[in-house]
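Participant: One-letter residues, chain by chain:
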Amino acid sequence: MTSFFTTFGIWLSALFTISIFSFLYKDNPLYKFSEQVFVGLSAAYWLVNIIYSIMIPNLFSKLIGDFSGNLILLIPAALGLMMLMRIHPATQWISRYPIAIMIGTTAGISMLRYMKSDILNQVTATMINPFAASSTGAVIGNILLIIGTLCGVYFFYFSKKQEGFFAVPSKIGIWFLMISFGATFGYTVMARISLLIGRLEFLLGNWLHLIK
Amino acid sequence: MKISSSTERKIIYSVLFIAVALPLLFPIGWKTDVSGYTRMAYDLIEESPDESVVLISFDYDPSTMTEIQPMAEAQIEHAFKRNQRVIATALWPMGVQMAEQAFSSVIKNYPDKQYGIDYVNLGYKVGGMVTIQAMGRNLSEVYPADQGGTPYAELPMLKGINRLKDLAWISSLSSGTPGLKEWVMVAGDSYGVPVTGGCTAISAPGFFPYVNEQRQLYGLLGGLKAASEYEGLIDRIGPATMKMDAQSIAHLLILIFIAIGNVKAYVSRRRVAQ
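From first to last, the protein sequence lines stand for chains A and B. Under the numbering used here, the first residue of the first sequence carries the number 1, and numbering increases by one thereafter. Under the numbering used here, the first residue of the second sequence carries the number 213, and numbering increases by one thereafter.
Same shape as in the complex, but just chain A (with noise of 0.2 Å):
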């Protein structure tokens, strides 16, 4: 038997889905209060996954442990400590330090990763014999990403401006990124899409039990 808590979830759900798609309509109370439930429960989830996910296990648990083995633990936790002084003006640039390493960190690590998986490895990809393709298909698939890329790079140069025989480069650039954008919407519709399939099928289905 379904439990009574299961129901009252389900016919919650139920409500709050209604309450946002009444937006569509127009503007309204149902909807403002099912918005703010929405944005309240998203701050106080977060905040008790921070402090039983991350703050417990990986700092609290490990000090009260083994003080002693884990004292490198008390850099971060002191960086912690010094972020939250942003709170009061007076104590406002002692966050700085913290928001500095953090950023020089990123950079660092990020750096690199990107460089030779974004710049390197990308622009090898397409330093291919197009010919060597075993279909036709594949060789003008091949063909047309030489051109795409070689076109859309040019594009994005600016330092000459691109006119008369220079423009001709450009142009079929912008024919490629066109394409690619017109793909994106596609995409994007069919995100949109699943994302009203997936409540339909829950209003219908689990809610309603219409769906066999």
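Since the hints were derived computationally from the structure, they do not count as laboratory data. Hints are supplied without guarantee of correctness; some may be wrong.
What the hints assert, rightly or not - Taking lysine-lysine and the PhoX-like style, the derived pairs with C-alpha atoms no more than 20 Å apart in a straight line are:
{"id": "1", "chain 1": "B", "residue 1": "Lys476", "chain 2": "B", "residue 2": "Lys214"}
{"id": "2", "chain 1": "A", "residue 1": "Lys212", "chain 2": "B", "residue 2": "Lys320"}
{"id": "3", "chain 1": "A", "residue 1": "Lys26", "chain 2": "B", "residue 2": "Lys222"}
{"id": "4", "chain 1": "B", "residue 1": "Lys222", "chain 2": "B", "residue 2": "Lys476"}
{"id": "5", "chain 1": "B", "residue 1": "Lys325", "chain 2": "B", "residue 2": "Lys293"}
{"id": "6", "chain 1": "A", "residue 1": "Lys116", "chain 2": "B", "residue 2": "Lys371"}
{"id": "7", "chain 1": "A", "residue 1": "Lys160", "chain 2": "A", "residue 2": "Lys171"}
{"id": "8", "chain 1": "B", "residue 1": "Lys293", "chain 2": "B", "residue 2": "Lys320"}
{"id": "9", "chain 1": "B", "residue 1": "Lys377", "chain 2": "B", "residue 2": "Lys325"}
Values in this document were obtained by computation on a predicted structure and should not be read as measured data.
Use these hints to put chain B onto chain A, whose structure you have.
Facilitator: Relative to chain A, chain B alone:
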């Protein structure tokens, strides 16, 4: 008769609601062709050796589960079919629950699969890229115990699995950051482990360039359509397949709306010009 733009909008919403709801109530059963990206992801799992240990990272939360949960279930089922053993991890806190739901849904058809021997849920870890980097060096240091508190060393399927390099493949099912991109950058590009994955349709165009000659990404499942394609490849009538009729009808309707909107704009521009 002149219809205001606000009324037009309400008509569009209503028609769209009906168009999506009807195929959910009365399925049509349209077939979906398999794309090269989905086939590539399928081939990676299909061609990996039996008994190998693999990792699926649940980097999403309930807001995108309509699109991504069917991928998770399909990949777990495919791995089970191939007798591969699955490690679940999460870079998103709610990914843990998503993994539990996916396993409990698939395990109904595989009652012989046992926790700790055929699959394990290591849970959530904060840190994104840095965490993956640490997993590349030593998995048990990052995950000293599984989600239920069982120590890493006591989980039979993890014997001999010390770092990412010991895995046959990794799949990141991702709806944002940290997610698939971090796995590609660290696990794929730095440690050389084959990485595949799935994402929401909206982020798929951003990941397609990684499916290239350099094999940064072995195929990609982008959105509900790819999930249904994958279900088709493993002969599974799953949640994605059942939703594709609604998706197709809605797309058709949007195409019609775009055509009507363009004709209307053209006519009104001509009227103004005259």
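Participant: Now tell me if each hint is right for this structure.
Facilitator: Quick rundown of the hints versus the structure:
1. At roughly 12 Å between alpha-carbon atoms, B:Lys476 and B:Lys214 fall within 20 Å of each other, so this suggested pair holds.
2. A hinted pair counts as satisfied when its Cα atoms are at most 20 Å apart, and A:Lys212 with B:Lys320 qualifies at roughly 19 Å.
3. Under the criterion of a C-alpha separation no larger than 20 Å, the hint pairing A:Lys26 with B:Lys222 is consistent with the structure, at around 10 Å.
4. Of the pairs offered as hints, the one joining B:Lys222 and B:Lys476 holds, with about 17 Å between alpha carbons and a cut-off of 20 Å not exceeded.
5. In summary, the hint linking B:Lys325 to B:Lys293 is supported, as the alpha carbons are separated by about 11 Å, within the 20 Å threshold.
6. Under the criterion of a C-alpha separation no larger than 20 Å, the hint pairing A:Lys116 with B:Lys371 is inconsistent with the structure, at around 32 Å.
7. Distance hint between A:Lys160 and A:Lys171 is fulfilled; the C-alpha atoms sit about 15 Å from each other, no more than 20 Å.
8. Straight-line distance between C-alpha atoms of B:Lys293 and B:Lys320 comes to about 13 Å, which keeps the hinted pair within the 20 Å bound.
9. About 25 Å separates the Cα atoms of B:Lys377 and B:Lys325, which puts this hinted pair outside 20 Å; it is violated.
Violated hints, listed in ascending order, are 6 and 9; each of the other numbered hints is respected by the structure.
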